[in-house]
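Each chain, written out:
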Amino acid sequence: MGSRVTRRRALRVLGASLGGSAFAYAVAPVAAFVQATNKEEFLQQHYRELTEAGLADVLRRLEAETARDYGADVSIRDPRPLPDVQFGYALNLSVCIGCRKCAEACHHENNHDRRTNNSYIRVLEMTQGTMDMEQGRADYDHAVPAPGKYYMPVQCQQCENPPCVDVCPVQATWKEDDGVVVVDYNWCIGCRYCEAACPYHARRFNWHKPEIPADEINPDQAYLSNRVRPQGVVEKCHFCLHRTREGRLPACLEACPTGARVFGNLLDPESEIRWVLANKRVFVLKEELGTNPRFFYFFDT
Amino acid sequence: MATPSHRISTIDHRVNYAKFLWRALSASTDGSWGFYAVMTALSVVALVGANAWAQQLVHGLATTNMSDHVSWGLYIANFTFLVGLAAGGVMMVIPAYVYRDQKMHDVTIIGELLAIAAIAMALLFVVVDMGRPDRLWHMIPGLGRFNWPISMLTWDVIVLNGYLLLNLHVVGYIVYQRYLMRRPNPRWYVPFVLLSIAWAISIHTVTAFLYSGLGGRPFWNSALLAPRFLASAFIAGPAAIIITLQLVQRLTSYMVPDGPIRTLLQVVRVTTIINLFMLLSELFTEFYSGGAHTASARYLFVGLHGHAELVPWIWSAVALNGFAILLLVQHNVQSRPLLMNVGLVMTFVGVWIEKGMGLIIPGFIPSTLHEVVTYMPSANEWKVTLGIWAFGGMLYIVAIKVALQAFAGELHRSIPPPRRKS
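First to last, the sequence lines map onto chains A and B.
When the letters of the first sequence are read in order and numbered with numbering that gives the first Met the number 0, they come out as residues 0 to 300.
When the letters of the second sequence are read in order and numbered with numbering that gives the first Met the number 0, they come out as residues 0 to 421.
A few of these clues could be false.
Partial chain B-side listing against chain A, Cβ under 7 Å, derived [as the list claims (entries may be wrong)]:
#1 Q54
#2 V57
#3 R144
#4 S366
#5 H369
Rather than coming from a laboratory, the hints here were simulated on the basis of the structure.
Idealized CB from N, CA, C, for every residue including glycine.
Could you put together the complete structure from these sequences and hints?
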């Protein structure tokens, strides 16, 4: 009896150590993940809870990380919303030719992953006579503009009532005082509930670590906008806040060859966007959902 | 507190509980060769899954076939199904505690253990779906920023963890008391059991609201979603428990009475029919009215723009559920175990398809910009998924083993030395 018990015990000890080492072997790749992160990043507070000094430390750290991981010398700032500014965007569907220059400009300005050719803008080729998106295609591949077609670029609508912000379980995304919906890429847990909630396909997830050659990285960066995003977090259009909060125009607008895009301060009665809203027949996408977009579409004629 | 139990309560629970845990661990790693064979096989699958997840953690969710168009896939599908499975045990609790069915009372622990294993799996499926599991602490109230009560996901975190704790408390308390060879005091567990009834309903309802609250996803944005979740949960849960009870009867010395199986079978008969009825209601509404908002349902059931990946998948679910009804409504089915078990397995698989991939994927197809981007899980996703199921299976087997040993009086504290005079 005694020897049987001992044998059984010996077998169990053997089994436990085999199982333990098999487990260690199975999860060994995790070590690479742990090595890629660091204590400061792991313990970093939410953007809105950072002190001025704490934020400065974070910005320097992120610059150092970009230098280490991408070999690029970048500067990361944190421009704040301007007082008495509410950004709005309008797009003239009568002149848009569907060339996708805006999507390309976004790709370069915002340090998107090169492998997937990511961009915050998707251009739909629509058939004349219908506004039904089901009749549209985003994967057209021919000379534009094609006869019988019109083109509708779609990006974040910066909703007044953004469903993506409501659903986030950790408040990693919110609406800034100038109306721009932003993401704290260092707070997002990557659950992608916002991506499911967005009715405009405006959000993107970093399925892998973005790949960008050092000489192609745009060094003019901001914390809440175009800095290189980490793997496993969600990102979205931020109205190029690193430009627009400093008086410049969004990259997609500057790239548009037909002048279809109008950007400005909705609170400024002299602004072009206010003129468009007052004088053109303007509409918003999926108005029935009650999201109340800040992005408007109009026809010239 | 000078009650008669005063003397007994001077037992040092710190020592006893530690010993109890040690004995339980010992009991859970001891068994027949068949037990070792099953556990070894499950361990291998679980380890393959753990390795696949480790790869995913390093290389990113690009190892899955999800995309910005179909941003949730096999993981969230299994999560959804498992939340339903977890609440199945409540169909034992209600007869046992509300209708005072004593025979059911004796085996209710099986349902509670199923709930524990299913919630553990559900939570693991959420963790493996996260892009940054290292940031889970951002959800802890006080430490992070918990977006409660606005985000339905925070409600889900609360109800799922709450349900897990409730069941862990009830099971842990009862098994520990059995180990001490004492009668469990109803005051310490009955209120929690009754609370768990309402709580079981809440885990489904909140999980359904996760999806039905999204105005931009017409396929999910339906008031019928939560009721359908409940109906299908009360198919899968009781079906799994009936099969477990038969296995317990066959593989252990524990005597399982006939009554509970009969009661649970009645539940499954009703819920399979209700579930099919609700499916018909949805199909009618979607297809009779037509229009763009029915595109997802068309993709799922008949195909859309030449894409029909899920069509055979969903029709097999409908067929499985339909045949299961035909088998299970036979009045003598309980005396024909083969027939009954085939029916139960069919409907279990049918619900897994319907409340898994059949619910999650069409929500994303077509996308919100009406693009059709299809999705089939990658090999790595399947590995992680099977790994979690294997781990859950191990948890379930071990938990039942320990609990039933305590119930049978085989696992108890060593007889104390003769009491000294006080």
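How the hints compare with the structure:
1. Taken as an interface hint, Q54 of chain B checks out: its beta carbon lies about 6 Å from the nearest beta carbon of chain A, inside 7 Å.
2. Interface restraint check: V57 of chain B against chain A, minimum CB-CB distance 5 Å, threshold 7 Å, status holds.
3. Look at R144 of chain B: its Cβ gets to within about 4 Å of chain A, closer than 7 Å, so that hint holds up.
4. Checking S366 of chain B against chain A by beta carbon gives a least distance of about 6 Å; that is within 7 Å, so the hint holds.
5. Interface restraint check: H369 of chain B against chain A, minimum CB-CB distance 4 Å, threshold 7 Å, status holds.
Hint check: no violations occur; every hint is consistent with the structure.
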